[in-house]
Amino acid sequence: MIGRKFLDFTVTTVSASSALFIILIVLVLIGDILLNGWSTLSWEFITESPMQGMTEGGIFPAIFGTFLLVVIMSFVGVPIGTVTAIYLSEYAGQKSIFARAIRFAVNTLAGVPAIVFGLFGLGFFVQFVGGGVDQVVSGGAELRWGQPNILWSSLTMALLTLPVVIISVEESIKTVPRELREASLALGATKWTTIRKIVLPNSITGILTGAILAVSRGAGEVAPILFTGAAYFLPKLPDSLSDQFMELGYHIFIMSTQSTDVEATIGIQYATTLVLLALTFSLNFSAIFLRYKVRTRSAH
Amino acid sequence: MDNANYKIRTRDLRFSVREKEALKGITIDVKPNQVTALIGPSGCGKSTFLRSLNRMNDLVEGAVVRGTVLVDHIDIYGPEVDVVALRKKVGMIFQKSNPFPKSVYDNVAYGPRVNGIRERKVLDEIVETSLKQAALWDEVRDDLSRSGLALSGGQQQRLCIARALAVGPEVLLMDEPASALDPSATAKIEELMYVLKENYTIVIVTHNMQQAARVSDVTAFFYIGELIEMDETRKMFTNPSVKQTEDYITGRFG
Amino acid sequence: MARHFELELDQLRTQLIRMGSLVEEQIDLAVSAITSSDVKLARMILERDKRVDEFDNAIDQQCMRIFALAQPVAIDLRLLMAALKINNELERIGDIAVNLAERVEALLPHAEFVKGTSLQAMATAARNMVKDAIDSFVNNDPALARKVLESDDLIDNFDREMFIQMKQSMKESAVHIEPAAHMLIISRHVERLADHATNIAEDVIFLVNAKIIKHHADKSAL
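Chains as they are written, first to last, in this note's numbering: chain S, 1 to 300; chain Z, 1 to 254; chain P, 1 to 222.
Read the hints as simulated data drawn from the structure, not as lab findings.
It cannot be assumed that every hint is accurate.
What the hints assert, rightly or not - Quick list of the computed label-pair ranges, beta carbon to beta carbon:
#: 1; chain 1: P; residue 1: N57; chain 2: Z; residue 2: P183; range: 27 to 35 angstroms
#: 2; chain 1: S; residue 1: F98; chain 2: Z; residue 2: A63; range: 36 to 44 angstroms
#: 3; chain 1: P; residue 1: L84; chain 2: Z; residue 2: D124; range: 55 to 63 angstroms
#: 4; chain 1: Z; residue 1: K24; chain 2: P; residue 2: L84; range: 35 to 43 angstroms
#: 5; chain 1: Z; residue 1: E119; chain 2: S; residue 2: T175; range: 32 to 40 angstroms
#: 6; chain 1: Z; residue 1: F253; chain 2: S; residue 2: F98; range: 44 to 52 angstroms
#: 7; chain 1: S; residue 1: Y87; chain 2: Z; residue 2: I117; range: 27 to 35 angstroms
#: 8; chain 1: Z; residue 1: K243; chain 2: P; residue 2: R188; range: 42 to 50 angstroms
#: 9; chain 1: Z; residue 1: I117; chain 2: S; residue 2: L34; range: 57 to 65 angstroms
#: 10; chain 1: P; residue 1: K147; chain 2: Z; residue 2: P183; range: 22 to 30 angstroms
#: 11; chain 1: Z; residue 1: V81; chain 2: S; residue 2: E142; range: 53 to 61 angstroms
#: 12; chain 1: S; residue 1: I25; chain 2: Z; residue 2: S152; range: 48 to 56 angstroms
#: 13; chain 1: S; residue 1: E90; chain 2: Z; residue 2: V81; range: 52 to 60 angstroms
The beta carbon of each residue, even a glycine, is placed where N, CA and C say it ideally should be.
In isolation and in its complexed conformation, chain S is listed as follows (with noise of 0.2 angstroms):
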């Protein structure tokens, strides 16, 4: 009937509308930062310090930065992630109490806003634990950790990102078959060396996964690291935990908001986008490719 083909053919045509507005956005977005900032990157963008108030030179130091942050990040939330997932999918039984506590944290946490995180990071970390070491070093007389500094910013980070790993993992846990796990324990393995020897071997692209999913959004986030731990001009690298950093999301939000001349730095800040978009990028993408690794493989 033409009632329902016209139908039909408005279905079609507001779908293929919306996808391709969608599209449109993104190339907007991207052609955008694209057109404006490419003239200002360069070899020496990227490895150069500020210069002349933030209106010249490169943002290497912010580089660094988020490097160091999003390195000691993993270190500390991807181990803490794996063994947790491994708990909850290997050991905690189905209908435990605790378990099912556990994944409800765990969801909870996965909701909470970022600056919530931030708000808690200066808090707990920076007042509370740094102050208390302090205390406890030199009797409160030097400041040293009782301030924003790149630990409590990483660590703050970890705990944002954690139930990104752990998510990760223990889905990737379960793709292996219960049939290896069955093999190993009746050859007369224990259950952890099955664990470390058939499971996490064989779910390693999850872990892995869920480890660039947690760095992909490190280096994005702002909120958390606002108050425990970024600065927008330091005059050298930190060279020690205690040391505040410089970092790419902050130092756009710097630039763009309160920096003295936003006018001259209109190029940098496009071109500090630019890099920190290719970032996470190619983070996010790679994570994507595991993936599909983990599908196809455990598809047989």
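Position chains Z and P against the provided structure of chain S, taking the given hints into account.
Only chains Z and P this time, still in chain S's reference frame:
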């Protein structure tokens, strides 16, 4: 009957999961160096029974085991029993072959390595002996580093047998080992059992009546969690004592 | 699969029963042909033997098929084995009927002599054994089969009696030698009839009880 002659004895073995009884009091004696076949329709408890013999049923949540299972006169459900050691003594081959995604060599060497054997020469010897015992050596000797998953279905199952033999068991439990294989692969596995029973005690679950008739010395018929009849295979298949058994093996039901 | 298979087993039984009836009839006719000197009847018996052979082949083929395709076990297996053996026995009984029929022509001039012998009684007894043996198969009746086994002695007595009688006859007159010779052979045939009947009875006992009673070896095991 004198106790000394049995490898495995169960007395009133009961198994239930969350109030549902899967085994209702099984009393069976298994003689050493023989093939004992467990037959019965789906869901009759034969696989559950098999898994009780090496405590693989411990993995089932909410499982309750009552009664005794003696392996070499020791109750394997006793408090002092080391389950890991039990599983080395009583090995298992599964229905769907499950080689590890490792090389043929590493598959067979997995068990010994887990037991602490590190010396390459010793491992080489164990791998070769086990693969020979499983009648697979000639087919894989040219490339032991090839992945276990690259073998055919029948070869994979023999690889699993070699892997189980490598830890030096005394009993082999086989849960429908040939059900996923084609006739010639099945024949190879059955032939293997004739040879293996000289050195091992074999208990096999099968729903293929003819297979049970071909390979076993003793056959036990299970039905809804109970043992209906157990006798020499020759007698069971020419003149069973219980009508239910006869109805089952002639295909009248089940 | 079971239903189809059961149908085949039923068919096999029916074939055997039909063959049994045919063969029983052949015996009846053969004895009748001898005692009433009926040559036409004798020829008919020869003709009908073809049908006996047809049954023999058909049953053999059927058994082979069932063995190959159904891998029977337990009672089905025993039925198949019994079927093959009973088939064989029935075919031989058919042959005996033919052997008897072949003697009719030669005995035409000696009708009176034949009537004076105990052939009728002996043949009736043997024929009854055959009938009982076949019935015990039809009804799965081991008690009847045992009765057949016990009747074997009766026929042996008849046979011995016939031998003594013929010896006497031949001594009395040289004229009797020819018919007496025929009668001795006929008696031997009838005695073998009884043997085949007991074989069938033994096969029935094996089928029902899975006991092998061979060659009357262990009557106490009955």
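Hint check:
Between P:N57 and Z:P183 the beta carbons are some 31 angstroms apart, a value that agrees with the proposed interval 27 to 35 angstroms. The hint said 36 to 44 angstroms for the Cβ distance between S:F98 and Z:A63, and at roughly 21 angstroms that hint is violated. The given range of 55 to 63 angstroms is respected by P:L84 and Z:D124, whose C-beta atoms sit roughly 56 angstroms from each other. Distance hint check for Z:K24 and P:L84: the Cβ-Cβ separation is about 42 angstroms, which falls inside the suggested range of 35 to 43 angstroms.
A C-beta distance of roughly 35 angstroms is found between Z:E119 and S:T175, which places it inside the suggested range of 32 to 40 angstroms. Judged by the Cβ atoms, the range 44 to 52 angstroms given for Z:F253 and S:F98 holds: they are separated by roughly 48 angstroms. The hinted range of 27 to 35 angstroms is satisfied by S:Y87 and Z:I117, whose Cβ atoms lie roughly 30 angstroms apart. Here the CB-CB span from Z:K243 to P:R188 is close to 45 angstroms, well matched to the stated 42 to 50 angstroms.
Look at Z:I117 against S:L34: about 60 angstroms separates their beta carbons, and that is inside 57 to 65 angstroms. Checked against the given bound of 22 to 30 angstroms, the beta carbons of P:K147 and Z:P183, roughly 48 angstroms apart, lie outside it. In this structure the supplied range 53 to 61 angstroms holds for Z:V81 paired with S:E142, their Cβ-Cβ distance being about 60 angstroms. Taking 48 to 56 angstroms as the suggested C-beta distance range, the pair S:I25 and Z:S152 conforms, at roughly 53 angstroms.
A hinted range of 52 to 60 angstroms for the beta carbons of S:E90 and Z:V81 is inconsistent with their spacing of about 23 angstroms.
Violation of the numbered hints given earlier is confined to hints 2, 10, 13; the remaining hints are satisfied by the structure.
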